[in-house]
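Student: Each chain, letter by letter, is given below.
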Amino acid sequence: MLKPALVAVTLIIGLSGCSNLGVQPWEKGQLARSDMALDSEKLDLALDDHIYFSKEGSSGGRAFAGGGCGCN
Amino acid sequence: MTQKNNQINARQSKQIAGALALASCGLFATSGHATELSKKADDWKVDAALMYYGEQDRVQAVEAIGTAQKAFGDDSVLDLKLVVDSLTGASASGAVAQSSSQTFTRPSGNGQYSVAAGDTPLDDTFHDTRVQANVGWSEVLTPDWKLNVGAYGSKEFDYMSMGLNASIERGFNKDNTTLFLGTAYSFDVVDPVGGRPVDLSSMAVRDNFASEEAYRSAFDATRQSGSDNKQTADVMLGITQVLSQRWLLQANYGLSSVNGYLTDPYKVLSVVDNNGITQDLLYESRPDSRLKHSFYVMTKGALDAGVVDFSYRYNTDDWDLKSHTLETHYRYYFTGNFYGQLHLRYYQQTAANFYQPFLMADTPLPEFASADYRIGDMSAYTIGIKFGHRLSGGHEMSYRLEYYQQDPKNNGTTIPGELQNFDLFPTQKAITAQFSYSF
Amino acid sequence: MKKIWLLLSLMAAGVQAAPSLDHQVFNAQNQAVSLSEFKGKVVYVDFWASWCGPCRKSFPWMNEIQTKYQDQGLAVVAINLDTDNELAQEFLKQVPANFSVRFNPEGDVARSFDLLGMPSSFMFNRQGQLVQHHVGFYADKAAEYEQELVNLLKE
Chain F
1 MLKPALVAVT LIIGLSGCSN LGVQPWEKGQ LARSDMALDS EKLDLALDDH
51 IYFSKEGSSG GRAFAGGGCG CN
Chain A
1001 MTQKNNQINA RQSKQIAGAL ALASCGLFAT SGHATELSKK ADDWKVDAAL
1051 MYYGEQDRVQ AVEAIGTAQK AFGDDSVLDL KLVVDSLTGA SASGAVAQSS
1101 SQTFTRPSGN GQYSVAAGDT PLDDTFHDTR VQANVGWSEV LTPDWKLNVG
1151 AYGSKEFDYM SMGLNASIER GFNKDNTTLF LGTAYSFDVV DPVGGRPVDL
1201 SSMAVRDNFA SEEAYRSAFD ATRQSGSDNK QTADVMLGIT QVLSQRWLLQ
1251 ANYGLSSVNG YLTDPYKVLS VVDNNGITQD LLYESRPDSR LKHSFYVMTK
1301 GALDAGVVDF SYRYNTDDWD LKSHTLETHY RYYFTGNFYG QLHLRYYQQT
1351 AANFYQPFLM ADTPLPEFAS ADYRIGDMSA YTIGIKFGHR LSGGHEMSYR
1401 LEYYQQDPKN NGTTIPGELQ NFDLFPTQKA ITAQFSYSF
Chain W
2001 MKKIWLLLSL MAAGVQAAPS LDHQVFNAQN QAVSLSEFKG KVVYVDFWAS
2051 WCGPCRKSFP WMNEIQTKYQ DQGLAVVAIN LDTDNELAQE FLKQVPANFS
2101 VRFNPEGDVA RSFDLLGMPS SFMFNRQGQL VQHHVGFYAD KAAEYEQELV
2151 NLLKE
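Protein sequence lines, in the order shown, are assigned to chains F, A and W.
So in this note's numbering, spot 45 of the first sequence is number 45, and the numbers just go up one at a time.
So the mapping is simple: this note's numbering equals the position in the second sequence, first residue as 1, plus 1000.
So the mapping is simple: this note's numbering equals the position in the third sequence, first residue as 1, plus 2000.
Pulled out of the complex, with its shape left as it was, chain F reads as follows:
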């Protein structure tokens, strides 16, 4: 039953090896936009998640880490 976990973990760690992807720090003007933040609509997402959690058989999946300006 933990086989999916193994596959996912391998995949995610593997993805982090693609270190030539990405942009230079000064090229993040668009990514720094407040509407590009992963939690820019966190209230909407929280309310939606609450509805779907109580009306459907599965839930979860989201995370707010990463992206953005890359400043400091």
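Just to be clear, a hint being listed does not mean it is correct.
Each computed DSSO-like pair below joins lysine-lysine, with the alpha-carbon atoms no more than 27 Å apart [to be verified]:
no., chain 1, residue 1, chain 2, residue 2
1, A, LYS1045, W, LYS2141
2, A, LYS1155, F, LYS42
3, A, LYS1386, A, LYS1429
4, W, LYS2093, A, LYS1045
5, W, LYS2141, W, LYS2154
6, A, LYS1386, F, LYS42
7, F, LYS3, A, LYS1230
8, W, LYS2057, A, LYS1174
9, A, LYS1070, A, LYS1081
10, F, LYS42, A, LYS1081
11, F, LYS42, A, LYS1429
12, F, LYS42, A, LYS1322
Note that these hints are calculated values from the structure, not bench results.
Fit chains A and W to the given chain F structure using the hints.
Tutor: Here is chains A and W on its own, set in the frame of chain F:
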């Protein structure tokens, strides 16, 4: 001559319109940034929303949510959240419709309610108010490492939940790659109205008993004393990757282990004969553990005059409930300060292995059974629109309207006798209306 | 032999792939100027952009050290990396700078300095040698940054 002039004028005016559009785009870009910049970084940032959720003939809910965020220095952020919601209305009990009226005992054992012939049985006992509070702290440990910790508690009449969470983020590759590892634990206490029903015990209905005492002792025999609890342990591993100057990608894997009381104490199953006539009503029974996996991939892009995201989620668990979710948001700025947004979502799930729309009288009782359509075969979709204004000083106001439709489906069960006359898998429609303000 | 001459002349023209003051940037009048104009001073080179929050916090501090130490030979040079100059001008209207502001919309100088994050700062001594380098701006480390500059000014 005049015709030629007109042509020139038409061409000129087109050029002017083009120039104006260009100019306004430039204006938009600057003013959009200006609004964002004029916000002081060290103040409290508050987001608040009020939402109404209404199902056709069923549950109505109002939910108020507020978050406040404050940065302390360059490294620390405090996050507070308060949620209050209030629920009324009826929800499907799990019993099937019949050609004659049906009588059900309320979960408390005090009183009963009737459902008209042909109607899907709904339990209208449900009224509840829930209060939830969260507190979170995030700390930049080094330029590469970030730690988040949090706690929450929520309380409603028959349910209490509290939890802790912690996560760590590590930036790589000039912060183009962020690895994320999070863990959460929650402890819930379930204390249902009228006590927890004994698994698969038969609902005692007052009409079938000669005296109140006889009914009472029969009802009490269907109840277990005291409350029960449920523990959830979650682990999530995620990666966010900047793909280009405008696009980023996120992939998450979540593992969730739930143990304890997972049965819905208010749900029942009809036991029917070969003619589809109800012989008995049994309280449902679910396994006391569930191991869930979720895989989530999302990409988000910054457009010249908007933002778009697409996500796909796959869930699977040891109840054999599998689901696929596709979702997208597309925002378009009509002006620098006014946007419209479209939200589309499609969801599809296959039933848990113990889901049954009803039980057959001539078949031995299974160990676990539930007729809760929410763990049955189902598809659902959402269409939503939102409009938002960015106001001066970094304030923002938005309105949102969504339509949510669930289409439960038969998981392959043969429908006997008169049950074929009824819609055992009724479509459920709901709308949400929301107003939000941030400052 | 010809190739070596070509290489040498290229180097002389200031094509450097390392943090140094031998780089061409634009001034407010959009003229190409060299950072070497500040040679002989202690130079604090800061890379910033309008959309970068910590950059905004660093401006008042840079104004302060410029005022405090310019007589002792400090030059603060803030190089803007916005591709759209209007955004930089908007920022400067809100957060005026009393130090030298330069522009490198192409980002080639930033590339030569191999920035790891925004903002990034580089301290050069009076001989034009790179002596210190910081990624990000942290208000609680400002005193530390200032001390490093004071030490260089005393050299």
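Student: If you test the structure against every hint from before, which numbers come out violated?
Tutor: none
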